[in-house]
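Chemist: Sequence:
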Amino acid sequence: MRVLLLHQHFKTPVSGGAIRSYYLAKALIEHNAEVFVITSTNQKKPYSEVFEGITIHYLPVPYDNKFGFFERITSFIQFMLASTSKSKSLGKIDYCYAISVPLTVGIAAMWIKRRSHVPFIFEVGDLWPDAPIQMGFIKNYFLKQFLYWVEKRIYQSAHAIVGLSPAIQSSIQKIVPQKKVYNIPNFADCDFYKPIYSEGKQKLVVSYIGAIGLANGLDYLIECANNCRKANLPIQFVICGEGALRERLENNAKHLQLQNLTFIDFQDRAGVLKVMDATDVCFVSYKRLPVLETGSPNKFFDGLAAGKLIVTNFGGWIAREIEEARCGFSVDSNNPLDFVVKIKPFLTDEKMLQQYQQAARALAERKFSRKILSEQFANLFAWKKEN
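For the sequence shown, our numbering assigns the number 3 to the initial residue and increments by one for each residue that follows.
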């Protein structure tokens with residue numbers, strides 16, 4: 003079976019960033035599939051490589067987390083056109099697995115299906131166009147309606163759909179009730195992360211690891227750090243990553259003289275592991291918009307696998323998961339003092355902290371293990387192997 007994986011932001015473990023799609027490709031290879039990836043690169047010329055059995059074709063389509071909205075849209079359209087063209091050179095493909103965001107990858111998959119009669123599965127990690135609409139980037143009524151029409155057409159054209167959260171699965175099922183919609187969330191890599199439970203530390207380390215953009219709501223973390231400083235709490239905050247708002251956040255931290263907040267540059271996987279090993283609390287942050295509560299952020303699953311107390315500043319399915327599993331808590335994003343109140347018991351009760359951390363790891367192993375979810379993913383293609 004020859005499978006094409008379309009993903010504009012494909013990463014390998016050596017390049018850093020989210021590597022879900024790498025694991026998906028590896029899962030298919032383990033089931034004797036031949037896997038081709040079409041992705042993008044910031045280099046000026048296209049190139050190809052074979053990485054651990056995966057044939058990866060890189061197309062010169064610039065993208066950066068610091069891009070503004072319209073720069074991102076331009077990049078998305080360029081990749082849609084370039085990936086559709088590149089797919090012609092791959093020969094016979096049995097199946098296409100198209101990963102959004104962006105939504106335009108779904109358009110490319112539809113074109114490939116129409117031209118080459120290749121069925122596709124569409125993976126939805128964020129609900130588009132709901133996300134840019136709720137964030138205020140798209141305001142024109144007719145453009146909104148057009149994008150909702152495109153979204154529905156992609157869903158209708160797909161052989162099946164994968165939502166990365168129960169909320170995404172439910173939302174899509176309402177739009178196309180006749181379609182197969184599966185929930186395969188992001189993976190907790192319980193082999194890569196090994197819990198480290200520190201005892202007798204002078205300071206609790208609270209880390210945010212990920213993109214630093216408009217959607218991430220990290221002004222809240224700055225306010226938390228400021229309130230903890232005023233309360234003289236033994237907490238060190240860490241923000242690790244890059245993005246459009248990093249410079250502004252750093253300037254705010256300097257203005258407030260936050261000695262209890264450290265910024266760390268974007269790290270490869272080994273670097274993230276070091277940060278996570280030094281972390282006690284994994285902070286997962288978004289602006290409080292309904293659509294962002296449906297997401298499946300990698301940093302949440304990494305925190306679970308590493309056995310960290312999880313704190314979120316939004317509601318939704320993740321808040322319910324951590325509260326039911328007693329491995330974390332959510333805080334009121336409109337009230338930074340709520341974090342101060344809820345974190346205090348963990349500063350004085352080391353046993354309770356470790357109980358929550360151990361519960362996080364147990365949740366990762368029980369429900370979000372990479373091995374379990376990779377097998378569920380590979381089984382989506384079982385019908386093709388039988389034909």
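FYI, nobody ran anything at the bench for these hints, they're computed from the structure. Computed from a prediction, not measured in an experiment: that's the story for all the values here. All C-beta atoms in this analysis are idealised placements derived from N, C-alpha and C, irrespective of residue type, glycine included. Certain hints may be false.
Result set (DSS-like, lysine-lysine): computed pairs, CA atoms no more than 25 Å apart in a straight line [stated by the list, open to error]:
#1 Lys88 to Lys46
#2 Lys344 to Lys203
#3 Lys232 to Lys346
#4 Lys115 to Lys181
#5 Lys353 to Lys203
#6 Lys88 to Lys196
#7 Lys176 to Lys146
#8 Lys146 to Lys46
#9 Lys13 to Lys373
#10 Lys182 to Lys353
#11 Lys181 to Lys146
#12 Lys196 to Lys353
#13 Lys115 to Lys94
#14 Lys181 to Lys13
#15 Lys346 to Lys289
#16 Lys46 to Lys205
#17 Lys232 to Lys256
#18 Lys13 to Lys90
#19 Lys205 to Lys256
#20 Lys68 to Lys256
#21 Lys28 to Lys182
Have a look at the derived ranges for each label pair, beta carbon to beta carbon [as the list claims (entries may be wrong)]:
#22 Lys182 to Ile266: 38 to 44 Å
#23 Lys256 to Gln158: 47 to 53 Å
#24 Asn253 to Gly138: 39 to 45 Å
#25 Ser17 to Gln180: 52 to 58 Å
Chemist: A separate judgement is required for each hint: does it hold in the structure or not?
Modeler: Verification of the hints:
no.	hint	result
1	Lys88 to Lys46	16 Å, holds
2	Lys344 to Lys203	19 Å, holds
3	Lys232 to Lys346	14 Å, holds
4	Lys115 to Lys181	17 Å, holds
5	Lys353 to Lys203	13 Å, holds
6	Lys88 to Lys196	40 Å, violated
7	Lys176 to Lys146	18 Å, holds
8	Lys146 to Lys46	33 Å, violated
9	Lys13 to Lys373	19 Å, holds
10	Lys182 to Lys353	44 Å, violated
11	Lys181 to Lys146	23 Å, holds
12	Lys196 to Lys353	19 Å, holds
13	Lys115 to Lys94	12 Å, holds
14	Lys181 to Lys13	29 Å, violated
15	Lys346 to Lys289	24 Å, holds
16	Lys46 to Lys205	46 Å, violated
17	Lys232 to Lys256	15 Å, holds
18	Lys13 to Lys90	23 Å, holds
19	Lys205 to Lys256	21 Å, holds
20	Lys68 to Lys256	21 Å, holds
21	Lys28 to Lys182	24 Å, holds
22	Lys182 to Ile266: 38 to 44 Å	42 Å, holds
23	Lys256 to Gln158: 47 to 53 Å	51 Å, holds
24	Asn253 to Gly138: 39 to 45 Å	23 Å, violated
25	Ser17 to Gln180: 52 to 58 Å	39 Å, violated
When held up to the earlier numbered hints, the structure conflicts with 6, 8, 10, 14, 16, 24 and 25 and fits the remainder.
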